[in-house]
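Line by line, the protein sequences give chains A and B. Those letters in the first sequence? Residues 1 to 364, by full-length UniProt numbering. Those letters in the second sequence? Residues 1 to 306, by full-length UniProt numbering.
Derived by calculation from the structure, the hints in this document are not laboratory data. Just so we're clear, the structure is a prediction, and the values are computed from it rather than from any experiment. Worth double-checking, as some hints may not be accurate.
Residues on chain A that point at chain B, a partial pick, calculated with CB under 7 angstroms [what the hints assert, rightly or not]:
no., residue
1, Pro82
2, Phe83
3, Asn88
4, Phe91
5, His99
6, Phe108
7, Met112
So, partial list: chain B residues that the calculated Cβ filter (under 10 angstroms) puts toward chain A [to be verified]:
no., residue
8, Asp200
9, Arg202
10, Ala206
11, Leu210
12, Tyr211
13, Ala212
14, Gly213
No residue lacks a Cβ here, since even glycine has one placed at the ideal position from N, Cα and C.
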Amino acid sequence: MPEQPGRSAIEVRGVRKVFGSGESQVAALDTVSVSIRENEFFTLLGPSGCGKTTLLRLIAGFDFPSAGEILLHGQDIAPLPPFKRPVNTVFQNYALFPHMTVAENIGFGLEMLGKPKAEVKARVAEMLKLVKMEALSNRRTSQISGGQQQRVALARALAPQPKVLLLDEPLSALDFKLRKEMQIELKRLQHETGITFIFVTHDQEEALTMSDRIAVMSAGKILQVGTPWDIYDKPAERFVADFIGETNFLTAAISGMGNGKARATLKSGATIDATVAEGFQPKDNATVVVRPEHAKLTSGKGDLSGTVENIVYFGTDTHIHVRLDSSESFTVRQQNTRSAGCGFERGDKVGISIGNDAAQVLRD
Amino acid sequence: MASAEQVAEEAERREIRDRWLLSAPALIIIFLAASGPLLIVVIYSFLTPGPYGDVVWKFSTDGWLSVLMQRDIFDDTLAFADAHLSIFWRSISLSFYTTVLTLFFGFPTAYFIATRPPKTREVWVFLVTIPFWTNLLIRTFAMQQVIRNEGLVNTALMALGIIKQPLQIMNTDAAILFGMIYIYLPLMVLPIYASMEKLDFRLVEAGYDLYAGRWQVLRRIIFPLIKPGVIAGSILVFIPSLGAYVIPRVLGGGKNMMLGNLIELQFGAGRNWPLGAAISITLMVLVMIALLFYVRNASGSQGAHG
Chain A
1 MPEQPGRSAI EVRGVRKVFG SGESQVAALD TVSVSIRENE FFTLLGPSGC GKTTLLRLIA
61 GFDFPSAGEI LLHGQDIAPL PPFKRPVNTV FQNYALFPHM TVAENIGFGL EMLGKPKAEV
121 KARVAEMLKL VKMEALSNRR TSQISGGQQQ RVALARALAP QPKVLLLDEP LSALDFKLRK
181 EMQIELKRLQ HETGITFIFV THDQEEALTM SDRIAVMSAG KILQVGTPWD IYDKPAERFV
241 ADFIGETNFL TAAISGMGNG KARATLKSGA TIDATVAEGF QPKDNATVVV RPEHAKLTSG
301 KGDLSGTVEN IVYFGTDTHI HVRLDSSESF TVRQQNTRSA GCGFERGDKV GISIGNDAAQ
361 VLRD
Chain B
1 MASAEQVAEE AERREIRDRW LLSAPALIII FLAASGPLLI VVIYSFLTPG PYGDVVWKFS
61 TDGWLSVLMQ RDIFDDTLAF ADAHLSIFWR SISLSFYTTV LTLFFGFPTA YFIATRPPKT
121 REVWVFLVTI PFWTNLLIRT FAMQQVIRNE GLVNTALMAL GIIKQPLQIM NTDAAILFGM
181 IYIYLPLMVL PIYASMEKLD FRLVEAGYDL YAGRWQVLRR IIFPLIKPGV IAGSILVFIP
241 SLGAYVIPRV LGGGKNMMLG NLIELQFGAG RNWPLGAAIS ITLMVLVMIA LLFYVRNASG
301 SQGAHG
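So here's chain A without its partners, still in its complex pose (with noise of 0.2 angstroms):
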């Protein structure tokens, strides 16, 4: 996918976060540089552990770059107190003033701006009516639900009309239900208001379906960043092609590398397209991903040949569980219909077939 020019938001270059001193140093973030761009849905998304959220911490100035430089809109914020930085945060525990009531949290920002009265006010009621809080503004935040509260700390963050709203992991406390609710809730907001959002998340579903961008992170490394479709399809490591969604890994041998694509050449001995990754270099063995639903089974002779060795039914598809000749193990995702059974059943030597825009050769 082509780089799409725009302003950026938010400039991180070379940042370094070492915690601790001497033996006991940790390096939470080691050297990272991202941009991101205006009124831009950016996930941060990685497991626990791998730095994200404290790059949003150093975003939002709670912590300072052991080395680099973060710019906004160009300037470098690094030095800044959180407290004069254009930036607000959604908190994961939401973090709402237990003293204060409802629209009390909500107008602290601009009141702590020094607006006047007038303003803050007609200000408050502008937020209460976009997270449809009015009703409630008079209740101390501890008398509401989960996700109401979830409701008035987006408000809170966005009353003082930041010019990047951070949110660090906002979805995690609420249940399902509610919480398939705010992500659709989020984008509204994030399409009404103009602003930038960074989300932190370690919910690969909820960064697939979220975001405009999103920052694969890894052990204080961002390791890939695109748009869902580029991670997903199109995944540059071992690591982002196995924590977002299911994947097969393949061995393969590489030849005809050019524009991007070339040719793997499998164990089974078929040769099939594959898309490169960036950053490729050519070498013996190489992995080829392929994901579940791209392959298809069938009974004859396929790219591989394996034996079933599970069936698993999840009602939207059925997946099932090939040992390759090889020895490698293989998952094929076929849709289910009403009528009829998935048409294999486990020993069944069976043949896999691999589609023409199916396989990508990862860079490492």
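Fit chain B to the given chain A structure using the hints.
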């Protein structure tokens, strides 16, 4: 066969009976040790002083009258007793200053401890409680050694050439104030620390995030949330300060009396038990007023901790 209802009723009756039985020892002690003596003090305050101390069983309001007033020896006219008034004033003002200053020093101390890592916190709390291991009298005499004319402070200041004559701190109100701050500081630090430890520091971050500077975060977020601790600490310092006896006696000398010393004087050398009793009750009323203030404020801030 007893019905389920009867069984439940019986169980409830037994529970109520057990509750009374269990609380009986405490109730008896409270009545005998607190209410009984208090009643005697109230009765004594309305009697006539005996010639060698004790009381004569004759009703009189002179004891109460003498708390604040005195009768002229020659023409029997009533006037305010300046000596008593100044003692009241000293007690209340010194207690007030002690409370304010222990708060001033105690708040940052508690904040410091609460922001340490959990393991180090225990060490700091332990250090704060160490003075409690030593007798109050010994701690007060230790303070005397620090501030007397040949004491630590004066010797050091003179050795450094900052002063030529020793500063007269002993036997002044300042000496009492020093002593009370030193003795009562832990009573301020501990309840504030207890509140501060429960404080969710993410709220502080949220405050900074929403453009509140350091002072505004302290005033608008930290202080309201730890108010119960501040009030509890203030009460714990103010009440014993008001009735302080040993500290003014040792550090204030004979002249700078507080209420506790005045009461002792009336029951001892003064041989005016009804007056002593009346002052005691007055002191108790002052303490109750302070407690009332506490109860009102503490209940008002319940929601803040919910």
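ask   = For this structure, which hints from the list above don't hold up?
value = none
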